[in-house]
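Protein chains: 2
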Amino acid sequence: MGNADYVYPSAAEGGESLHKAAIPPPQPFVKSLKNSLKETFFPDDPLRQFKNQPARRKIVLGLQYFFPVVEWGPRYNPGLLKSDLISGITIASLAIPQGISYAKLANLPPILGLYSSFIPPLIYAMMGSSKDLAVGTVAVASLLMGAMLGADVNAAQNPTLYLHLAFTATFFAGVFQASLGLLRLGFIVDFLSHATIVGFMGGAATVVCLQQLKGILGLTHFTHATDLVSVLRSVFSQIHEWRWQSGVLGCGFLLFLLITKYFSKKKPKFFWISAMAPLTSVILGSLLVFLAHAEKHGVEVEGIAAGRSFAMFKHYNIDGNKEMVAIGTMNMVGSCFSCYLTTGPFSRSAVNYNAGCKTAVSNVVMAIAVMLTLLFLTPLFYYTPIVVLSSIIISAMLGLIDYDAAIHLWKVDKFDFLVCIAAYAGVVFASVEIGLVIAVVISLLRLLLFVARPRTLVLGNLPNSTVYRNVEQYPNADNVPGILILEIDAPIYFANSSYLRERIIRWVDEEEDRIKASGESTLQYVVLDMSAVGNIDTSGISMFEEIKNILTRRGLKMVLANPGAEVMKKLDKGKFIESLGHEWIYLTVAEAVAACNYRLHSCKPNLVTDEKAEPWNNV
Amino acid sequence: MGNADYVYPSAAEGGESLHKAAIPPPQPFVKSLKNSLKETFFPDDPLRQFKNQPARRKIVLGLQYFFPVVEWGPRYNPGLLKSDLISGITIASLAIPQGISYAKLANLPPILGLYSSFIPPLIYAMMGSSKDLAVGTVAVASLLMGAMLGADVNAAQNPTLYLHLAFTATFFAGVFQASLGLLRLGFIVDFLSHATIVGFMGGAATVVCLQQLKGILGLTHFTHATDLVSVLRSVFSQIHEWRWQSGVLGCGFLLFLLITKYFSKKKPKFFWISAMAPLTSVILGSLLVFLAHAEKHGVEVEGIAAGRSFAMFKHYNIDGNKEMVAIGTMNMVGSCFSCYLTTGPFSRSAVNYNAGCKTAVSNVVMAIAVMLTLLFLTPLFYYTPIVVLSSIIISAMLGLIDYDAAIHLWKVDKFDFLVCIAAYAGVVFASVEIGLVIAVVISLLRLLLFVARPRTLVLGNLPNSTVYRNVEQYPNADNVPGILILEIDAPIYFANSSYLRERIIRWVDEEEDRIKASGESTLQYVVLDMSAVGNIDTSGISMFEEIKNILTRRGLKMVLANPGAEVMKKLDKGKFIESLGHEWIYLTVAEAVAACNYRLHSCKPNLVTDEKAEPWNNV
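Chains A and B, in that order, are what the protein sequence lines are.
Going letter by letter, the first sequence gives residues 1 to 619 in full-length UniProt numbering.
Going letter by letter, the second sequence gives residues 1 to 619 in full-length UniProt numbering.
Don't read these hints as lab results, they were simulated from the structure.
Hints may contain errors.
If several chains are the same, the list does not tell them apart, and a pair holds so long as it fits within one copy or across any two.
[As the list claims (entries may be wrong)] Derived BS3-like pairs: lysine-lysine, alpha-carbon spacing no greater than 27 Å straight-line:
| # | residue 1 | residue 2 |
| --- | --- | --- |
| 1 | Lys265 | Lys322 |
| 2 | Lys31 | Lys269 |
| 3 | Lys261 | Lys34 |
| 4 | Lys414 | Lys269 |
| 5 | Lys38 | Lys516 |
| 6 | Lys58 | Lys411 |
| 7 | Lys411 | Lys269 |
| 8 | Lys261 | Lys516 |
| 9 | Lys266 | Lys575 |
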């Protein structure tokens, strides 16, 4: 294509751009609708393996799709069993203390925490896709459940009703999850940005820790609210009620748990030490109480299903929607068996992964271990002091406050950091529900702002090339006299078309001011580089018409460069190509600039007055 | 840059890409924050004229900004007055019948409709920017007000309370509008797409027409609901109550109004005929009733502030936020003077424009004409039959049902058409509020879907050039052996990063399947063209890391081409450039492909095993 001085040959010389900016071949509406639906709901094409298969095979594949155990079950061998046995017992040692602690968080009888680590893992082992996910109750969901149910029914006064509500809520949560999965609407969770999740989870973890102050300090009366101010007020207004024995014991166990965690991080080979620590604390604490005839009896207890993260480590794929169906079914069935809300807590799955699990059989092993505990060991837990459970919860929650991620956000994208902090503050200073709503709303607002204020930039010519780039990114790029080259960096929708019109006109105003001040040749052409405009809607097309008219009135000619397939289609249907003239749409910015330069140097006067009369319209 | 066979010189030969894909010079955070805020809230830079002006001038400019009359008032002359007089009287002839009709829609005393065409236009003349906007009550807002207030207070039983509620509602509507304008949040209305507005307005107009069936058929009892089913049921269950005299009279006047409208459209010179028609009908109808001693006494209005559309015709700029402040003030002050919700109806402004108005003084003339009517002519309206008012309303509403726009939407963008129909159906079959909510939600969902499912395309090389374009748009583009070139057509955010990861991996899978089937050389490089990626956030950067790892495990090398300024900044801060290697980021797709070709033809084996050992890393 030569250099920037390329002289554009006229039609008489046989010159014509080698390739015209093409309007793509038309596609029947049904076909493009089918494609759109496929991209929206089936981006990973999960039915690809079903193509060209006999009917019997399709049935088998279908069964395997919903019950993966049908696929990996027959291939199971004793070598895998050995690894799964070890990891299963390891996570069972976590499941038991966490189960009873988190059930306490939800104001439910602690035995439910154990049930919930028995039935649901069995269901998941049949239907789930992740080899590493360890299923059980989570702190944040338990807290949420306790807060929301507690707003309507007092657990102490109406235990049976409360229980039934909890199971019903779990059932419907399961129905909702399974429906989302079946309707392939799992992508909805994509709308929560990572920054939001970090802030929300950190806030929820903080709130859970604050709640444990009741157990650690041995207080009887405590606020029902979860926000920081209420909790601190409740704590510090009862200083005389603090029980130093609880406090000392609690801090002691907490220190023990944190030290084992730190040690396990430094020496990953000894992960099992931090895994065994909670159960050890429970046993120790129960023994202590039993031997000391301590009065406090009874048992007074987040996670993100992280199957995909572990799949990433171990290099296999997880279909998010399929997982949701599995987890939803798990909850629906579980709720019929006195289990409450379960999912796959990250921390427990991390332990499972480190313990070397090979398949979901680790969940089966854990379930069996929990069953044995239920049958033989429950009397032990009558003596477990609350402080131990509180320490276990605090130690688990501290791991969820991901300040490393927050610092990383601050460094890379300060707006994302703001989003994170806002979600955190919403949870800690208001309530978990308000924090969640704030998190979702901020995420969506952020998205809308992205769309509503796309970037526009001025392009300049990199010396000795036909490459045009952003003058801010490449300060050595020169501008071309008489031509203003703008790039629009996003699809053009109703949400940003008004803004774009204002901004483009302002670019033209500023350029004309600059030219007036510097005495350069007057502006005649405005080239719009459409490479980054992925799509355009009817508002966008109207906006282009308006800009064309405004520019025409100012004696300027609008030129388009490199519009994509979708955009060309829409511009064509919207009759804009007719109105602008197909000859003013070029394949590259270089061609557009060359054509304009040719006309500029041919000394043709104001070309917008009567387009039909101008001879070069045949070019 | 030559052709596609360009051999990339090695470092030894002194070859190096002329321009490296550059990381832009760093900008202090405060400066970039200031720029972002300016782009979001002041895209049209309204304070540009204030730069470099002495203090006294700034005060004058400030006064002119809020009270444009200060600017155009001193330049007023008798020539302008003549045009404004004619147009003012014309729109007054519309204002009077429409005012009393629309007040009836809102269940308010008809005289309020006249007050509302008196005070508010005077305020607007002082503060508004549009020369063509004719201010007054609108049918849709009146209907909404009647429906919403009527849900709480019965206008017949509690007229005083109802009245006070109406004024209070108007006052707060004014406060809200003015605040939006002052806080520069006017861009919020951009989030309602044109398709949504067409559907919503069409539905609202249909609902208003349905309501008029009561007046036309002379029914006493009528449903309070507004949806189609309730209204038809109410109408057809009282067939015996229909008064044929009302029906005949109503249809007669309606025919008269529609004929004059049609005639005015065909011969625009006679626009005043259709403008005078409503007032004529009122006078005729009142005379008829008076002479016939008809029993029905008493007196039983939409529009979009279209100042900007007319500004477009007459080539001057309107600052949307400033207009909102003007209209908000108009309502706040008006509510203290027994006026209810007013704005600038499109139909009335169209008449104003056609009548040749020159400045906002046309509003002043209209106000004066209305005042004279109030002082001397109100006894006339006691005799105005409801059927006439109903006909006037129906004839005005039919103009709001923009089926041309709907057909255009069907042709250009079928999804937009669906949005339009959904908003229409929501209003007609449920209620105006539900229809509005549906309209807003669908608009936002459409936006979110745009963002969540960006296009990705395969690029091919146009023969005899270094241009790479979409193979679907340019079927003659060839693909390059061993290299897969993908273009991502939108900014990468949390909302679409999961999808993009799935889709890119799927493109790679499909390409590898195709290669296996056709026996071509194996895939070694995946070039991602980032020209259209305007921005990237932390989720996007994580997604790139994940893709890089997945590709590396499959023996493929990831290469980036033409990342923009923002993207380079973020990739740098997110340490991705370090992790990928800056030498694998090229300025153009052509350079990237040339570099990969060079390596392919140098017959170097699998280069991802140990990058440090490979000699060409110095290139």
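Hints, verified against the model:
no.	hint	in the structure
1	Lys265 to Lys322	neither (33 Å within a copy, 59 Å between copies)
2	Lys31 to Lys269	neither (55 Å within a copy, 49 Å between copies)
3	Lys261 to Lys34	neither (52 Å within a copy, 44 Å between copies)
4	Lys414 to Lys269	neither (37 Å within a copy, 60 Å between copies)
5	Lys38 to Lys516	between (53 Å within a copy, 25 Å between copies)
6	Lys58 to Lys411	neither (50 Å within a copy, 40 Å between copies)
7	Lys411 to Lys269	neither (32 Å within a copy, 65 Å between copies)
8	Lys261 to Lys516	neither (69 Å within a copy, 49 Å between copies)
9	Lys266 to Lys575	between (67 Å within a copy, 25 Å between copies)
In this structure, the hints that do not hold are numbers 1, 2, 3, 4, 6, 7, 8, in rising order.
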